[in-house]
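Trainee: Work out the full structure, taking the sequences as your base and the hints as a guide.
Number of protein chains: 8
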Amino acid sequence: MSAPVAVVMGSDSDLPVVRSCLETLDSLGVRYSVQVLSAHRTPKEFHRFAESLDESAVKVVIGFAGRAAHLAGVLASLTVRPVIAVPIESGTLQGVDALYSTLQMPSGVPVATMALGKAGAVNAAILAVQILALSDEGIHHRLFEHRRKMTDDVLEKNRRIQADFNSRGG
Amino acid sequence: MSAPVAVVMGSDSDLPVVRSCLETLDSLGVRYSVQVLSAHRTPKEFHRFAESLDESAVKVVIGFAGRAAHLAGVLASLTVRPVIAVPIESGTLQGVDALYSTLQMPSGVPVATMALGKAGAVNAAILAVQILALSDEGIHHRLFEHRRKMTDDVLEKNRRIQADFNSRGG
Amino acid sequence: MSAPVAVVMGSDSDLPVVRSCLETLDSLGVRYSVQVLSAHRTPKEFHRFAESLDESAVKVVIGFAGRAAHLAGVLASLTVRPVIAVPIESGTLQGVDALYSTLQMPSGVPVATMALGKAGAVNAAILAVQILALSDEGIHHRLFEHRRKMTDDVLEKNRRIQADFNSRGG
Amino acid sequence: MSAPVAVVMGSDSDLPVVRSCLETLDSLGVRYSVQVLSAHRTPKEFHRFAESLDESAVKVVIGFAGRAAHLAGVLASLTVRPVIAVPIESGTLQGVDALYSTLQMPSGVPVATMALGKAGAVNAAILAVQILALSDEGIHHRLFEHRRKMTDDVLEKNRRIQADFNSRGG
Amino acid sequence: MSAPVAVVMGSDSDLPVVRSCLETLDSLGVRYSVQVLSAHRTPKEFHRFAESLDESAVKVVIGFAGRAAHLAGVLASLTVRPVIAVPIESGTLQGVDALYSTLQMPSGVPVATMALGKAGAVNAAILAVQILALSDEGIHHRLFEHRRKMTDDVLEKNRRIQADFNSRGG
Amino acid sequence: MSAPVAVVMGSDSDLPVVRSCLETLDSLGVRYSVQVLSAHRTPKEFHRFAESLDESAVKVVIGFAGRAAHLAGVLASLTVRPVIAVPIESGTLQGVDALYSTLQMPSGVPVATMALGKAGAVNAAILAVQILALSDEGIHHRLFEHRRKMTDDVLEKNRRIQADFNSRGG
Amino acid sequence: MSAPVAVVMGSDSDLPVVRSCLETLDSLGVRYSVQVLSAHRTPKEFHRFAESLDESAVKVVIGFAGRAAHLAGVLASLTVRPVIAVPIESGTLQGVDALYSTLQMPSGVPVATMALGKAGAVNAAILAVQILALSDEGIHHRLFEHRRKMTDDVLEKNRRIQADFNSRGG
Amino acid sequence: MSAPVAVVMGSDSDLPVVRSCLETLDSLGVRYSVQVLSAHRTPKEFHRFAESLDESAVKVVIGFAGRAAHLAGVLASLTVRPVIAVPIESGTLQGVDALYSTLQMPSGVPVATMALGKAGAVNAAILAVQILALSDEGIHHRLFEHRRKMTDDVLEKNRRIQADFNSRGG
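Residue numbers (our numbering), protein chains in the order written: chain A, 2 to 171; chain B, 2 to 171; chain C, 2 to 171; chain D, 2 to 171; chain E, 2 to 171; chain F, 2 to 171; chain G, 2 to 171; chain H, 2 to 171.
No wet-lab data here; the hints were simulated from the structure. This structure is a prediction, so every number in the text was calculated from the model and none was measured. Yeah, the Cβ is synthetic: ideal placement off N, Cα and C, and Gly gets one too. Not one of these hints is a red herring.
Where chain F lies over chain H, by a calculated footprint (3+ residues, C-beta under 8 Å): (1) 25 to 39; (2) 92 to 103.
Distance ranges between label pairs, derived from CB positions: (3) His141(E) / Arg32(D): 15 to 25 Å; (4) His147(A) / Lys150(C): 41 to 51 Å; (5) Arg160(A) / Pro17(E): 39 to 49 Å.
Mentor: Written as structure tokens, this is what we have:
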């Protein structure tokens, strides 16, 4: 794990959501490692992985899990690196089970919880990059470019919609 | 841990609820051990404890935890003993956070979830005793007595309420 | 009912979920009986069935029901055998109706509630087997094998995903 | 049970809510019987009671229960008399557990569900009386008087509040 | 309105659910009238209709409505006939909006609320018939037949499922 | 009703919340009338009141109601004046029943829903005043003053808290 | 912005819902402008737009946004014009996230919240027109026509459904 | 703002919760500034403050707000510094309104959401310190000490509870 961001998912069925995170990291030029490790199905391997983080080059950890989502909490209990988590919708409870399991950590062990699903996956990447940018000028610069592009996209859509509608109604 | 039931709570603030469980075990004549161990604040000690269960005399584990309640899930991931859990209400979400964190375990790692709060604490004790009773005639007998007493209590209340009301209205 | 596990479903429309339970019992080599009996539509036959459990060879009961899911609660009120229940999603309320009807049993009559849907159905089977394993060495051994296989499956997936991603990003 | 309305509560702790029902029946001059019987703690006595209703003088049944509230559903499965139910708030889930357990009956076995708590208890009495009034002129008349009084009470309050406020602001 | 049951729906888009009610009434040989009237879009016509019920041959009213479902409540405020209501799922809130709008009537004005959707529609018909059966022997008899048939259907399914599974596993 | 704002509450128990609305109207110098009228307990008087609004001097209507809160919806169905509503918390469901009953109006009959409780009561008054201000310069001016004062209050609190904390930590 | 109604959406993906609003404004002959501006992605442009409203010809603002829907709240904090908002369902939480983010404004800054989705979009248009109608006779007249047509549509459906059903059952 | 952590609360009524955050920062020896600024009541001052962050010495921002909690989202839209948020319970919705308003940010603008209430306030401080510790050895060391102390506290409680209970039951 020589990359600064460690991405961990509880099941490979989370991959469609995780991919939005990885693509955002790629687009911002930040390296990452990827693991499939389950807090419940591979508890010993998972524990060893989590314990190793403080001695590794990893600076930020991003966890993805659904249902009784203990993954990020267990990570956060075994490292002092910032842990970001994305609750995954799975099954019938709209992801509220994953959200509460991730968010409601006891005092002393924080998990930085993102929105449910793909928006959260993108934002986990951006938050990780915002943290790295505090001590890396190049990343800081790319972050600004990324945000400017996002703004420009909305403004371009605004121009188009005004062309469509406002001649008529406005 | 020579007792057949191991009771684990995530925080000593859970004790008022846990006590209902211990008293029920006492009244049914079943021995137990008690631990305060947090999946999040004492992750290494907790992991060691959970790993030791399969080699111990413990036959049933009962876990109590609130909020992002990972305690029972981590126990269940590290032992094949039946794990019973009681979600504890704590904070503003009515215990729904603890309930979902406890209940929604992924396929492969069951946690026998009880009702929220004291009713769940009593029932965790009774379920543990029902399991032990499968191979212990004495416990089986005491379980029947316990249930008969519960029924008699309701029937006695029925007699009283009928004396109060039915002369009037019935 | 000479089998140690009795599986009861409230409607044959629950069969797609129930099947995950039966297949897990099959794979662990544990025999079971199956019933379709409704607490609401066949109340007398259901009552007789539940009353007969304490005198039968059944050691663990597993109930499946949706909506106002009274099935497991009525079973638990008439037997001292451990009763495990799986809430079934049906209709518009995401299965929360079945969950609350199953979980929130009053003190004195426990129902071991599993996760909603298929994960819960698999876990009901495993919990039943964990209980039987307390007094059956053969079952205990098969349970360990089952869990090792589950762990190996995740680790194999981890190897594959690392081959896919980490050369690139890590 | 010679009275036309049978009131059943699952626990004598429901009495503060039940009393609002009984007082409304008293004020409308309708006789009733009262029982404390639990579907879970006195299942055999409860079953016998429910089975006896079709052969009795009871015309309407009113059930009160909290948590996993199976009481009214079991009654409705064993009688063709109209069954009215009032979910009782108890514990941490705001009574939503009792509401869903009562309301979400499967097709074929109706339970007429009222609002949670005391408003529901009063309305259970009035609905029972509306049903009896269909074939009893005296009750029909008293029902109209009851409603007129309710309307007059609100109109009197309106007169007072207008005297207080409208001289000032209106 | 010479029929004893008046069925009112707030929108003709409710018809797929309403049909389950009408078919049940047909199968039990009970006559009914049908209206599409909206408490919100045809308030004056709706008010006149509701006011006319007490002077009509209608004995029971069944209302269907979704969203902010005021239909049954307004009916119940203008007649002393028993009013039964079925909340309709519509839009994004799973029908909980319709359920709460229907159920949570203030003290004095009861609405007999049924389960959401088609199960509720069938049960509204059966509850109406249970009320009519109190003073009509023929209807009472048909109601018993209907219930026996329901029980026999489940028992037949039980026989089939036991033939399928129990030779194998039991 | 010569005042431009008509305030209607479903019960005089709503008065503690309503008062926050009236005081805000007073402070902004806008006249109002006040009524206690229940859509369910005084349906005929309420209907007549609502029908009269279009011919009156009332320009904006503000309704307060709890539980199955039909008050604002019935008002909105009988007038084309803008109707603002404040859901009142009452009973066990946190006011979500009143919120959904008020908010989820069908297409064609809008109700401008405010936040639950006192914040909503204040805001109902301000929204009514914002509407009146569109054609009244004096009111428009007072509205600006009111907002400036609100901003100044927060800035004053900011100065105080900075004096308290920032010398220490900042 | 010379049109009296300003419609703002947070994303062009909201357009299918927004269209129901625009069509209603068209059908009532009221002019409008349309913007795509995001409180989060174009914060500076959005702030400038909101600040400009008080000096413009805009009389009513309608905002559309999903998820953490801050759009209408930010608008309302920067203008004294009435702000109407429609929460958009997006993602897994049924739109409850957008609803609470829109509705629960603090005291002092009202947002007139409409129902979720298309019904809310239509109603936002009608409420805007109701406000404009207070000082415009022509709009007032068209509003009455619109409502009459809505009533006639329901009554026509009632005639048809009675032709279908009542000959049979009634 | 020369301190590395900027703490912003939407109202001084949030202070009891905020204090838990400030005390944790104090105990970890990290300096902070404190502001009371409301996204809704002081929108212009708030906007200026948020815009100034990228040019300041602030490295991490922590926001506190209740109800329609837009504070952290607006901050995050105007700075690339990591923004941490604590939803505050206020009013009747258990803080779920604040939680959803804070958490469900659109893709592109992350907010690191903490648990509701005081546990979240403590964890916001710790997460901020975890971020600062990535480039500050002294802070990193104090963080480890803080965590060790937390673990020791639980283990001490475990010793005491075992002394109390296990002699008796174990």
